[in-house]
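Participant: In case you want the letters, here they are:
There are 2 protein chains.
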Amino acid sequence: MLTATTCIGWDIGGAHLKVARLAADGSILAATQYATPLWQGLECLHQELEKISRAGNMREVRHGLTMTGELVDLFPDRRAGVDALLHAFVRHFPERDTAVFAGREGFLPVAGARTVAASVASANWLATALCAATRIGHGILVDVGSTTTDLIPIAAHQPCNQGWSDQERLACDELVYTGMVRTPIMALVQRVPFDGRWQNVAAEYFATAADIYRVTGELDDGADLHETADRRGKTAADSIARLARMLGAEAGIDDVHDDRWMQLATHIAEQQLLLIERSLAAVRRRMDGGSPILIIGAGAGAFLARKLARRQGCDYLAFADLFASGAASTSDVATCAPAVAVAELVRRMRLQ
Amino acid sequence: MLTATTCIGWDIGGAHLKVARLAADGSILAATQYATPLWQGLECLHQELEKISRAGNMREVRHGLTMTGELVDLFPDRRAGVDALLHAFVRHFPERDTAVFAGREGFLPVAGARTVAASVASANWLATALCAATRIGHGILVDVGSTTTDLIPIAAHQPCNQGWSDQERLACDELVYTGMVRTPIMALVQRVPFDGRWQNVAAEYFATAADIYRVTGELDDGADLHETADRRGKTAADSIARLARMLGAEAGIDDVHDDRWMQLATHIAEQQLLLIERSLAAVRRRMDGGSPILIIGAGAGAFLARKLARRQGCDYLAFADLFASGAASTSDVATCAPAVAVAELVRRMRLQ
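Taken in order, these protein sequences are the chains called A and B.
Start counting the first sequence at 1; every next residue gets the next number (this note's numbering).
Start counting the second sequence at 353; every next residue gets the next number (this note's numbering).
Bound conformation, chain A alone (with noise of 0.2 Å):
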């Protein structure tokens, strides 16, 4: 039965809370990211939850339910992680009005998630890989995240992928743990062009991706919610004296004039688009090679899944551009895409 229901789809991240609300008939009347840090506490947490639901009419409003969250060092275990999310969301919002992914065994009320927290962990990109399958008929959904990457194959319609647990996703590839902002830059090189010469690079924390895409003027507002690895500023000036410090350099404000630094993190970019390009040139072995591949990007990074397209002669297709044109903005709902997914899947499940 067709009604007035509007759906939110929450994705709750260990550093961001997504969220997306979806028009009954399927437009995106917002998607919003918040900074929330699970490993300092879930209070951060708690008052955005807060904040979200004195703000918004909340009538006839049915909630989906998806995280990552469960992973941060808070939590003992997954397990406990999941029930301390759940037990979260619930005390804002009615238990009997959300459904949580779990992914393999679908959407499940609350009282049943608890009891299968395995399947509801670390679900979120099967959600976004769905809701796209219900549009895509073969290609790859390339999420390109603030922390790790999806590549998730797509075949007559559903999500063909290999591996399921973070451990054999990484096996096989439909996991890449680097991303848009979080990455340490010595995750990435541990050698760099610079000045003319190769040298050595510090195995330090002292730099981030988010400091390359600042430098390169690729990284979206909003992409950036965190603190900085010094926690001083988010000038370029600033990225570019924390890049230095990885060469054991010093940088002054008038060195974002000095082009060293743009050819450094363009160098350190390519390196990171590298990473991503060998996981996806073996996801793309494994699917069958007579179809035409068509890439849909997702995530704050989803500029880096538009150029692997284009570099290996793939059609793209923006996640956005899967829903009718709402009120929110292509690079917000490609950053919250598995909440904008969530939101979708239970909102079909209401048309059924």
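To be clear, the hints were calculated from the coordinates, so they are not data collected in a lab.
Misleading hints may appear alongside valid ones.
Derived Cβ-Cβ restraints for the label pairs, each shown as a range [as the list claims (entries may be wrong)]:
#1 A:Y34 / B:W391: 45 to 51 Å
#2 B:E570 / A:Q158: 46 to 52 Å
#3 B:E570 / A:R348: 55 to 61 Å
#4 B:R630 / A:C160: 37 to 43 Å
#5 A:R278 / B:S517: 31 to 37 Å
To list a few chain A residues with every Cβ distance to chain B over 10 Å, as calculated [unchecked claim]:
#6 I52
#7 F93
#8 Q199
For each residue, glycine too, the CB sits at the ideal point set by N, CA and C.
Starting from the known structure of chain A, arrange chain B on it as the hints suggest.
Facilitator: The following block gives chain B in isolation, referenced to the frame of chain A:
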């Protein structure tokens, strides 16, 4: 004039305080490492200095002082760091008995050292090289520390390093930012073989090099004085649990008997050795090709220098073997090499 004076060498690092006491005849009476995580504040350093000044007989003692601790985040810049560490030291030991190692400018009184902070900063590698060069005509000092590795060529009884600043040293392969204890695994490998296939690895601070060498059984007691990545224990099972997390997997207490973890640790250790070997080869290429190369091994990871010597067909000498046998063990002398070196250099000055 030969006196009964003993010399104490101090190396104030960011993570460790290293102290060595030499008898008047040059034999090493003691060499000890203390945990002093300076990024948490100066209090830990004051506590150790206070304890040592109370415990030891400090009459007729000359102090030699070197440092790298000025680098830590606690200080706004290196100059401020050098100043703060000199201030801290003379709160516990007489300024008139203290000589500060200022690199190319030799030893200076504390007041003089303050005016050349850039020369004092991170010069401890040069002290070790100068000390080794008094005994060794031709060779390469390979000091594998907890965080970094120094590769200093010695020719005609002189260090013949190309680099002086950290950036120059990283650029000419005389500094490799990799070490036995603190180096995060994500800075060593992006993919590993596990369970018969290659897989991607998490880019998170879940485990460090100490975990690798704890599993292989090569980590010296006392080399790892700091908290582990997850602040949990230091058994082999704890280390395996941390390594498992790097793979997106979980390991239990019984996994210590599973050979896959030893294979994994051995693979990652080999990648670290290759990093050092690549830079060692670059340093070797610049040296006089005719003479045989002697490798002098120092640091908590001196055993890696020994491995490299064997692989490269070089003779090997432990840094401790440059000294008359004293009460300190070979591994303690290796770990505290810069402290032993400044003590010995100060002792020699007094003999002249």
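Participant: Each hint needs a verdict: does it hold in this structure or not?
Facilitator: Against the structure, the hints:
Look at A:Y34 against B:W391: about 29 Å separates their beta carbons, and that is not inside 45 to 51 Å. The hinted range of 46 to 52 Å is satisfied by B:E570 and A:Q158, whose Cβ atoms lie roughly 48 Å apart. Taken as a hint, the range 55 to 61 Å holds for the pair B:E570 and A:R348, whose Cβ atoms sit roughly 56 Å apart. Taken as a hint, the range 37 to 43 Å holds for the pair B:R630 and A:C160, whose Cβ atoms sit roughly 41 Å apart.
For the pair A:R278 and B:S517, the beta carbons lie near 35 Å from each other, so the given range of 31 to 37 Å is met. At roughly 28 Å from the closest C-beta of chain B, the C-beta of A:I52 stays outside 10 Å, upholding its exclusion from the interface. For A:F93, the requirement that its beta carbon stay farther than 10 Å from each beta carbon of chain B is met, with the minimum near 30 Å. Chain B draws A:Q199 into its interface by the beta-carbon criterion, the shortest separation being 4 Å against a cut-off of 10 Å.
Consistency with the previously given hints fails for numbers 1, 8, ordered from lowest to highest.
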